[in-house]
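A.B. asks: This is what each chain is made of:
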Amino acid sequence: MSSPENPKPPLAAGTLAEPTMNPTPSDSTPPVSRRQFLRDGLRAAGVAGLGGVAGLGAARTGAREYYWQIDPDKCVRCGRCATECVLQQSAVKCVHAYAICGYCELCTGYFNPEPNALNTGAENQLCPTSAIRRTFIEDPYYEYTIDEQLCIGCGKCVEGCSRFGNGSLYLQVRHDRCLNCNECAIARVCAGDAFRRVPVDQPYLLRTAPPAH
Amino acid sequence: MPPAAHATARARPDRTRVRRARVPAVLAGVCLVLMALNATAQHRFPPPDFEGGHTLPATTTPAPRALVLEYVDFGLLLAGLGVAAWLTLRRRSRRGVVILSLASLAYFGFYREGCLCVIGSIQNVALALADPGYVLPAFALGFFVAPLAVALFFGRAFCAGVCPHGALQDLVLVKPVKVPSWLEHALGILPFVYLGVGVLAAATGSGFIICRYDPFVPLFRLSGSFSLLVFGGAMLLLSLFVGRPYCRFLCPYGALLKMAASISRWRVRTTPDYCTQCRLCEESCPFGAMREPSSGAADPTTLVAERKRLTGLLVLTPVLIVALGWIGSRAGGPASLLHPTVALAESHLRQERAPMNYPPQSPEALMLVRARLDPAALLAQAAAVRRRFIVGGWLLGGWIGLVLGAKWISLSVRRHRTDFEPDRGACLSCARCFEFCPNERVRRGLLPPEALVLKAAHAGLPGAGAGARPAAAQAASRPVQPCPHA
Numbered sequence: 001m002s003s004p005e006n007p008k009p010p011l012a013a014g015t016l017a018e019p020t021m022n023p024t025p026s027d028s029t030p031p032v033s034r035r036q037f038l039r040d041g042l043r044a045a046g047v048a049g050l051g052g053v054a055g056l057g058a059a060r061t062g063a064r065e066y067y068w069q070i071d072p073d074k075c076v077r078c079g080r081c082a083t084e085c086v087l088q089q090s091a092v093k094c095v096h097a098y099a100i101c102g103y104c105e106l107c108t109g110y111f112n113p114e115p116n117a118l119n120t121g122a123e124n125q126l127c128p129t130s131a132i133r134r135t136f137i138e139d140p141y142y143e144y145t146i147d148e149q150l151c152i153g154c155g156k157c158v159e160g161c162s163r164f165g166n167g168s169l170y171l172q173v174r175h176d177r178c179l180n181c182n183e184c185a186i187a188r189v190c191a192g193d194a195f196r197r198v199p200v201d202q203p204y205l206l207r208t209a210p211p212a213h
Numbered sequence: 001m002p003p004a005a006h007a008t009a010r011a012r013p014d015r016t017r018v019r020r021a022r023v024p025a026v027l028a029g030v031c032l033v034l035m036a037l038n039a040t041a042q043h044r045f046p047p048p049d050f051e052g053g054h055t056l057p058a059t060t061t062p063a064p065r066a067l068v069l070e071y072v073d074f075g076l077l078l079a080g081l082g083v084a085a086w087l088t089l090r091r092r093s094r095r096g097v098v099i100l101s102l103a104s105l106a107y108f109g110f111y112r113e114g115c116l117c118v119i120g121s122i123q124n125v126a127l128a129l130a131d132p133g134y135v136l137p138a139f140a141l142g143f144f145v146a147p148l149a150v151a152l153f154f155g156r157a158f159c160a161g162v163c164p165h166g167a168l169q170d171l172v173l174v175k176p177v178k179v180p181s182w183l184e185h186a187l188g189i190l191p192f193v194y195l196g197v198g199v200l201a202a203a204t205g206s207g208f209i210i211c212r213y214d215p216f217v218p219l220f221r222l223s224g225s226f227s228l229l230v231f232g233g234a235m236l237l238l239s240l241f242v243g244r245p246y247c248r249f250l251c252p253y254g255a256l257l258k259m260a261a262s263i264s265r266w267r268v269r270t271t272p273d274y275c276t277q278c279r280l281c282e283e284s285c286p287f288g289a290m291r292e293p294s295s296g297a298a299d300p301t302t303l304v305a306e307r308k309r310l311t312g313l314l315v316l317t318p319v320l321i322v323a324l325g326w327i328g329s330r331a332g333g334p335a336s337l338l339h340p341t342v343a344l345a346e347s348h349l350r351q352e353r354a355p356m357n358y359p360p361q362s363p364e365a366l367m368l369v370r371a372r373l374d375p376a377a378l379l380a381q382a383a384a385v386r387r388r389f390i391v392g393g394w395l396l397g398g399w400i401g402l403v404l405g406a407k408w409i410s411l412s413v414r415r416h417r418t419d420f421e422p423d424r425g426a427c428l429s430c431a432r433c434f435e436f437c438p439n440e441r442v443r444r445g446l447l448p449p450e451a452l453v454l455k456a457a458h459a460g461l462p463g464a465g466a467g468a469r470p471a472a473a474q475a476a477s478r479p480v481q482p483c484p485h486a
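In order, the protein sequences belong to chains A and B. According to our numbering, the first sequence is numbered sequentially starting from 1. According to our numbering, the second sequence is numbered sequentially starting from 1.
Just so you know, these hints were derived from the structure itself, not from any lab. A virtual CB, placed ideally from N, CA and C, is assigned to each residue, including glycine. Any given hint could turn out to be false.
Said to hold, decoys possible - Ranges of calculated distance between the beta carbons of each label pair, as one might list FRET restraints:
hint, chain 1, residue 1, chain 2, residue 2, range
1, B, L316, A, V47, 29 to 35 Å
2, B, A130, A, Q202, 38 to 44 Å
3, B, L183, A, R163, 54 to 60 Å
4, A, A58, B, L183, 37 to 43 Å
5, A, V47, B, K178, 34 to 40 Å
6, B, E292, A, T61, 44 to 50 Å
7, A, A59, B, L316, 37 to 43 Å
8, A, D147, B, I390, 37 to 43 Å
Could you build the full structure based on these sequences and the hints that come with them?
C.D. replies: What follows is the structure, given as structure tokens:
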């Protein structure tokens, strides 16, 4: 034991603190060394346990499914994507599969069920934020483009397009916005159980053919 | 708009005469017909062939944050752990720890905005061990293992300056208040309970509740549900006066680190060589981690009572484990409502008994539609989950019993301690006490060596050598345990 009469010289900076509680082994060695023995044994057990967990866990690391995504075929357009995301404006947006779009003049994803006129008047639109742009291509075809800045991911257009149209409008998690939360706040409450982790090399579930109606 | 206009809405040979959207009823009827017609067809409205040669735009797919960056983060975590261990054990620098904390807070906190974090990784590992179908990201396993492995050898280096949660609370601590010992010990049980609950919820597939109720990640993101932002703000306010309340009284990873650090190979010690028992370090610790010297010798007058108490506790602990396990198994059934499948099955059964009228496109109604697709399978799944919860309830209750028993036993065991020392498990390696230790100040040349001789001569009259900090010395000038060296 150190004593004030005979202090050990101060250790130089950079000396690791000694592992034992007692700097010099002397009269009170036995209880301390017993504890030390216990501690060493427990630490060995701890290292072994942690190694075991690491080994078991490593056996479960396989194909790297990591990013959240919506399966468009399971989505039921409940509207929770717009409200439940941890971001103020949801990371879920509507995307458009142009290849399966019918380019309808009367788009049921764009227009209210009973539009006053088939024009871009706000009162005719289904979208609450006017996030769909309607452009004339050639008679009688119109193209519909999503303005992602405005889209809030409410899925109203998706409902219209899925119910009466080709299903070319659908919701996807946009990975430039998504924070990839460990627990997705939308997935937890998704009415269609449509969220799942997707592989790293395929972060979108894009539609290339219309869904089975 | 005249109905004729609708007829031209889609000039298709097979559907030229279809008039849609006249009135909703007609629309719905026509669509039903359309659906029947298209039962085998692919497109309701085949994509057009543009005569003008219009090219279709491509659907954009913005890339996510590259996976390799997660491994970079893991590398930075390892580097941070190494630097923190070096700063606390070898360099002994509070300033270094503060700088590291700031860097961690900036990078792991405000830049990376939370996920995936070390605290949350507990649940990924728990789910991977319980569910073979879950794919565990390799770096999540690394995030979980690395700080624990470091703690087994170097103490809580992760808490010292790598964890952004801890750094945030540590850096706003302005006026630490001592938490009474009884409250400290009682609240210290919470992290172990929270750990058990979090692991149970993750392992049963009910969700990651440690992430769900994390108070600081919404602050890092400056975005989240209102109640969580309020909770985070309240925790931050509390940490102005109570040292790291989340780390000490809630953090489930802290509970794991506490266990690992209590058997660590090397440890943080306040004094660089020997202790003058001035108690300044005890005053400096805002986390109540400093322990007084004690001889560890038995007091003959209380020895019998102490032995009885310890024996009683050793007998009580297994009883407590079984009793709480039983209570846990009883609570497992109701608690299984935490699982979405069980919740859906319950609401389906409730709907069968007493139908509620939800609006047709509401989430509740849509969920019930999903339940009605195959009710038998849903109920079977829910029953399986409930059985897992009952087993989990036994384990969780037993775990809580074990924690309570171990706590009581640890409070009843005598310790031999010659110096003021930080408790191995509770010490967050913040390095504050180094700044207050007169021996350390002499070593760094901030105090003349004579100050220590004076101090040794007046052991029991502390404060003689701490002229540099009269206020702190004043605070320390209450009766001190008799010094065994004097």
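A.B. asks: Taking the hints in turn, state whether each one holds.
C.D. replies: Hints versus structure:
no., hint, verdict
1, B:L316 <-> A:V47: 29 to 35 Å, "31 Å, holds"
2, B:A130 <-> A:Q202: 38 to 44 Å, "26 Å, violated"
3, B:L183 <-> A:R163: 54 to 60 Å, "59 Å, holds"
4, A:A58 <-> B:L183: 37 to 43 Å, "41 Å, holds"
5, A:V47 <-> B:K178: 34 to 40 Å, "35 Å, holds"
6, B:E292 <-> A:T61: 44 to 50 Å, "46 Å, holds"
7, A:A59 <-> B:L316: 37 to 43 Å, "39 Å, holds"
8, A:D147 <-> B:I390: 37 to 43 Å, "51 Å, violated"
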